[in-house]
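We have chain U already, so just place chain A on it with the hints.
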Amino acid sequence: MVTVTPTTVAPTTAPPSPRRRQGGRPVLRLLILVAIVAVVLYPLIWMVGTSLKSQEEIVNNVGLLPERFSPGNYTAGWSNFDVSFGRFFLNSTMVSLFTVVGNGLSCLLAAYAFARLRFRLRGMWFAVMIGTLLLPQHVLIVPQYILFRTLGLVGGEWPYLPLLIPQFLATEAFFVFLMVQFMRGVPRELDEAARIDGAGPFGIFRHIILPLSRPALVTTAIFSFIWTWNDFFRQLVFLSQLEDYTVPVALTLFIDSTSQSAVGPMFAMSVLSLLPVFLFFVAFQRMLVEGINTSGIKG
Amino acid sequence: MALTTAPDPTRRGPGSARTHADRRGPGRLRHSEGLAGYVFLSPWLIGLMGVTAIPMLLSLYLSFTNYDILTPFSEVEWVGLANYERMFTADPSYWHAVRVTVTFAVIAVPLKLAAALGVALLLNRAWRGVGLFRGLFYLPSLLGGSVALAIVWVNMFNRDGAFNSLLSLFGITGKPWVNDPDWALETLMVLAIWQFGAPMVIFLAGLKQVPTELYEAASVDGAGRFRQFRNVTLPMLSPVIFFNLVLETINGFQGFTAAFVLSNGTGGPVDSTLMYTLNLYITGFTELNMGYASAMAWVFLLAIAVITAIFFSTGRFWVHYSDGEDR
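Residue numbers (full-length UniProt numbering), protein chains in the order written: chain U, 1 to 299; chain A, 1 to 327.
Looking at chain U on its own, in the form it has when it is part of the complex:
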């Protein structure tokens, strides 16, 4: 497809127009993109549609959307088990919020030390921190389970401690790294000025770094929340009592029952469980998309 384009004719005089890159006919490209959007959105729309179909329609109507909206699946799903889904949502919310606080606090402290303070062996610790980035959680889960169980924390009075303790100890190295990168961008002159005014490392942290790190904290908070809300593996391993279940673990109860009649309620609860993440997506769409391309965060 070697077509003669305007740029091959007159590249010498005018400065190259930045708009001429992998061109393609705009209409054709738009059509392809719309087709891909349809493929990408189809499962999600089908999910919402099915959650609103009556039992009878789920079997008979193969269409994307219900003919008659029947919200009954939502009420049925909400109280499908001995424990109401309200409880599961509360549990998930609590775990996610505490994780956000824990990650924010502990990672910020560690990042400040790595980014700004001089101390012995700092380089070595930093390398270790980067190394833990690559540790798959599946490697740690067995010994951590044994450890927390030996300490009596699994299924104990506060069943979420095994999920939360690591988050308050800056084990999410990715966020530490993100904040270190961010803090390196904060001008050192500000530290110097504060130091001349008599501030020590704590004062500088409190009055310079903490307020200026807001954007990094917000990014950490959003991704912390979404990841924890979506997380399944750790919650599956550490939660053993029905009333302690979080939403993802509770959703698997539907699969256990496998009866066809549970499909509608199962979809309804699935839709609800994705709602917080979806709302975050709508609210922070620009930030999320930019966030990953500057830092490599995965969804």
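Think of the hints as simulated: they come from the structure by calculation, not from any bench. The reader is advised that the hints may include incorrect statements.
So the derived label-pair ranges between C-beta atoms look like this [said to hold, decoys possible]:
| no. | chain 1 | residue 1 | chain 2 | residue 2 | range |
| --- | --- | --- | --- | --- | --- |
| 1 | U | Phe202 | A | Leu60 | 35 to 41 Å |
| 2 | A | Leu111 | U | Leu275 | 25 to 31 Å |
| 3 | A | Leu288 | U | Leu242 | 16 to 22 Å |
| 4 | U | Val218 | A | Trp318 | 35 to 41 Å |
C-beta: ideal position from N, C-alpha, C; glycine also.
This is chain A only, laid out in the frame that chain U set:
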């Protein structure tokens, strides 16, 4: 998760750190800063020791035992290399899980990256509405490994699912894909490919870095669009391709949630979705063979380290950094 290389403070020896501190201000601050450093670092250090390092050592020890969580530590029996021996020579389901995982990664990861790159090329131009498309394509990645999404996916490829009703529009009679051992893993691959949004965004960032002049020069030389792609876009994008490839491969090996949901935690039908991590979970938490599961975890860790190392050593041959010595 992220492999971005940072300016690395490890390069700075203690000596140079001192001169640095001296340059910055009064030397009397140095001592308090060293102390403060460790105060600020203490949560992380406690976490590193308590939640990461000691558990890992414990896990290494347990991998040489027959620990099953029910017997107390004092009665744990040292079995030497028996777990590793069993894994490599006497456990067909282990090798099956390895095969399933490698198959999944080898097929799904390249297709996902191809989709991501293809769509990124389509979106690589500023026009009204491009942000909306980017956001919509990213959405599946964000919903990512959630159970809800896996549930929807499994049902979509059921006998009565949306996929078959779509096929029936073309007069094709589908089958219950997720219950078919020959197709269950493929449905999981399609799920992974569907979530191409995250690498796509990274590709888009990479494409923005390619200087427009290179395309101009190439087209002056008479290169068509395909040759421009092959000789300009691909080499310039190779660091980003490399980054995505490493990241997605490691992610691919760790797939768990969808396989768990599809098979209700069994790896079925007929072990067709027995991913490595699911096998590890079943061994450790269903069958309570914690010693054996620890051995599996360590082999997993080593395997990922080796694969990453292989990527980095072969990367030299095809990854071009514009500021590097090659080319």
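Results for each hint:
1. U/Phe202 to A/Leu60: 35 to 41 Å: At roughly 38 Å between Cβ atoms, leucine 60 of chain A and phenylalanine 202 of chain U fall inside 35 to 41 Å, so the hint holds.
2. A/Leu111 to U/Leu275: 25 to 31 Å: 30 Å, holds
3. A/Leu288 to U/Leu242: 16 to 22 Å: 21 Å, holds
4. U/Val218 to A/Trp318: 35 to 41 Å: Once the Cβ atoms are compared, 38 Å apart, the range 35 to 41 Å for tryptophan 318 of chain A and valine 218 of chain U holds.
Consistency with the previously given hints is maintained throughout, with no hint failing.
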